[in-house]
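Q: Letter by letter, the chains look like this.
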Amino acid sequence: MGEDGESPKINHSFLRDYVTEADVISTVEFNQTGDLLATGDKGGRVVIFQRETESKDESEELGESGEYNVYSTFQSHEPDFDYLKSLEIEEKINKIRWLPQQNAAHFLLSTNDKTIKLWKVSERDKRPEGYNLKDEEGRIKDISTVTSLRVPVLKPTDLMVEVRPRRIFANGHTYHVNSISVNSDGETYLSADDLRINMWHLDITDRSFNIVDIKPANMEDLTEVITAAEFHPQHCHLFVYSSSKGTLRLCDMRESALCDKHSKIFEEPEDPGNRSFFSEIISSVSDVKFSHSGRYLLTRDYLTVKVWDLNMEKGPVETYQVHEYLRSKLCSLYENDCIFDKFECVWNSTDSVIMTGAYNSFFRMFDRETGRGVTLEAWRESSKPRAVLRTRRIYTGGRRRRGDVGVDSLDFTKKILHMAWHPAENIIAIAATNNLYIFQDRVNAENL
Amino acid sequence: MFSKGTKRKFSDGGEAISDESLLGARVASSYSLQRQSLLDMSLIKLQLCHMLVEPNLCRSVLIANTVRQIQEEMTHDGSWHMVTEAFCSAGQSPSERLVATEVLCRSREQDAEPKLFSVISYEGCREEEVVADETLCSVSVSNTVSNVCLAGRMGQCWEKSELSGVERDEEVLEDSRLGSGEDEEIATEDGASTESPKTIGQVFGTFEIKNGSPGPDSALEELFSDVDTSYYDLDTMLTGMQSAPKMGPYDLLDSLAPSHSSPSIVSTPNCRSDLNELDHIMEIIVGS
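From first to last, the protein sequence lines stand for chains U and R. Take 0 as the starting number for the first sequence in numbering that gives the first Met the number 0 and just add one per residue. Take 0 as the starting number for the second sequence in numbering that gives the first Met the number 0 and just add one per residue.
Fair warning: there could be bad hints in the mix.
Footprint (simulated), chain R over chain U, 3 or more residues, beta carbon under 8 Å [claimed, not checked]:
#	stretch
1	223-232
2	276-285
3	323-335
Derived CB-CB ranges, DEER-like [unchecked claim]:
#	chain 1	residue 1	chain 2	residue 2	range
4	R	T74	U	Q74	46 to 54 Å
5	R	A24	U	R371	45 to 53 Å
6	R	A24	U	S327	24 to 32 Å
Which chain R residues stay away from chain U? Per the calculated CB distances, all over 10 Å, these [what the hints assert, rightly or not]:
#	residue
7	E19
8	L21
9	G23
10	A24
11	V26
12	T74
13	D76
14	N275
15	E276
16	L277
17	M281
18	I284
19	V285
The set of hints was computed from the structure by calculation and includes no laboratory data. Where is the CB? At the ideal position from N, CA and C, for every residue including glycine.
Go ahead and model the full structure; you've got the sequences and the hints to work with.
A: Printed below as a string of C-alpha cells:
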C-alpha cells in the first residue's frame, strides 16, 4: 500500500527530542463524515482539524484534496484536585467521541479521568449590523439621537468557530474513566471506568444509570478491572467491555438493568507453552472496537491484535502478531512499565484492514484477506510531505537487510498508542507523542 | 544467570548423582532467586505509586496479581525436592508447567535448547553489548547474579549483588524513562521479601477507606481514629469521597510479615518497623 501526505502538528521544539509533556497527544478521533479530526492532549486541550475541500471545480478527484488544517483549539479540561484523597486529577483527555451531526453545529464528548463534557462546535460567519439601540461597538446609544428605525441586517464576517461547553457530566465516576461510547440511538452514551460502567442521557447531567459494576465487596479481592467498553454500532441494547484478564463480555441491556451478568463471554484459553508470570499482564486487553458491520470485534493485547466473531465465544477467528519479538523481553518491559502500555486498534472503513501501534514510532497494518502484516513508521526525520511511506522490518534473525531495525535498538519511549482511521476513505491519523501524522492512500483513491 | 559461553551438558543418569543434583540445586536457586527478584520488583512498584496523581488501578491490579501468583508458587514450593516431585512426576499436565521448570526437569524433557528462565528472561542481553555501553550498566559475571538490561535508549539496569546465605542487598534502581512524568526513586532496602495477603488490600485501600476493618498497623489506626469513616460510604456517595491513611514508602515493608517458613526468606526485623512508624507519623505531622 503506498501512502503519502503528512501534516504534522505545529510544535516548535528547540531541543531535538525534548517534548513538552502537555503537548503529548492522548486521543485521536475522526467524526462520522471524516471532515473533522479531533485530538486531545495531556494538557487538557482539544484541537480540531478540518479537511480542506477545494470547491473550485466540480469534478475534483477524490483523494487529491484533503489537507487537514487547524479548525479550532480549546481548553477542554483543567487540572483539578481531589481534596479528600489529596490527589490531583489529571486534565489529560482520555477519549473524544463525536456525536452524529444533526444540524449545522458539531458536538463532541471529551473526557478526562473523572468528568465528561459535551462541547458544541459551531461556526459563525455572519453578524447582525445596524442595531437601533446599540452602536457599532455595542455601546448603548443615547435615545435622543435616534431619529429613524431600521431593521438590522446580517452581514458576512470572517469565519469564527465557537466552542462552548453544553453539558458537564461530573461526579459519575470514582475510578478513572477509560472509555466513552455514543449509542446508536443518538440519545445516550456510556462511560466506563476501572470498575463500573455508567449510561448517561446526553441531556441529563445530574444522574446516570450504572449498568456494570465489578467492584468486589472487599477491595482486597480485586483481581480484574474494566479496560475498555463500546456500544454496538447498530444495536442500541448491546455493548461490550474488555477486562485486564483478557476477557470480553457482551451485554444486553434488555436482559436486566444491571448487566453484571454477561450475555456472552469471549475468552481464549491460555497457551500452556507460553505461560509465564507475565501471561496475565500481556493478555490484558487494552482496546476493543466493533467492526463497522457490527459482526466482529477487534481487540488489542500487549503482543497481538485479535479479531473475534460475535457468534463464536471460544476464541478469536484471527490473531495477528504485532511484535512477537518482545516476548523474550517481557521482564525488562515489566521493569520499565512498558508492559502496561495501552495500545489502541482500529478498523478501516470496509473492515478489511486493521491497524495498531507499536514502539519505535512503528505502527502495523494487517490485511485480513491475505493475513499479511506490514510495519510502517511515523517519524518526521524519515518522511517528507507527500513521500511514500516505505515499509520497515524488525530484524529477528536470518538474513539482515539494509534498513532493518534490531530489537535491541528499538526506542520504547516512542510509542504509537493512539490512532484513527477515516470512516470512509483510506486516510489515517497517527499520534506520535506530540506530533500528529496524517497519511493518505493514493493508490486506492480512484477506486473509492 | 549463567555467564555467556558456559555450556551446560545434558547429563545422563550415568553421571555422578552429586553433580546432577548440584547443577539442579544451582539452577533451582537461580530460578528462585530470579522469582524473588521479580517479586521484589513488583512490591516496589506497588509501593511507589503513591504520588501526586492517583495511581493507575489497572496497573496495580496486574502487579498485585503477579505478586499473588509468585506467592502461590512459593508456598507450593518450599524446597528443591518438592519442586522436582511436583513438576517431574509423570503425567504432569502442560498447563502446570512454567517454562522455568524445563530447567528443573531437564532429564525428562527433550527440548534441545530450553528457553531458560523465560519468567525472567535475559535473552536479549548479551554480555558484549552490555559491556560496550558502559553508561547502561555494569556487569558482574556470576551465576547467582541476575542482570536486567534493555539496551538502547532506555539506559536502565538493575543489578543485584551476590546472594550469600540469607542476606542480600539491593542496589539503587534508577528509572530513567524518557518523557514520563513519573519519578521513581527507590531507596536502598534490606531483606523483607515475604508479604501477607493483606498487603494487596492495603494497596487498594488507598482507593477507599476500610470501614472498621482492623488494619495491621495499629499506630495508623490510632492516628485516624477520630475520623468519621461512616461518611465515606462508597455505596451512597458517588462523588468519590473516600480516603485512606496515606501510606508512606515504608509502610508496605513494615506490614510484611513472614507468613511462610521458607528458609531462604528474610524476615523484617521488628525494631525497624517501629522506627519507620515514627518516621511516618512525623511525615504526617510535618506535612511533607
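Q: Need the list of violated hint numbers for this structure, in ascending order.
A: The structure conflicts with no hint, since it agrees with every one listed earlier.
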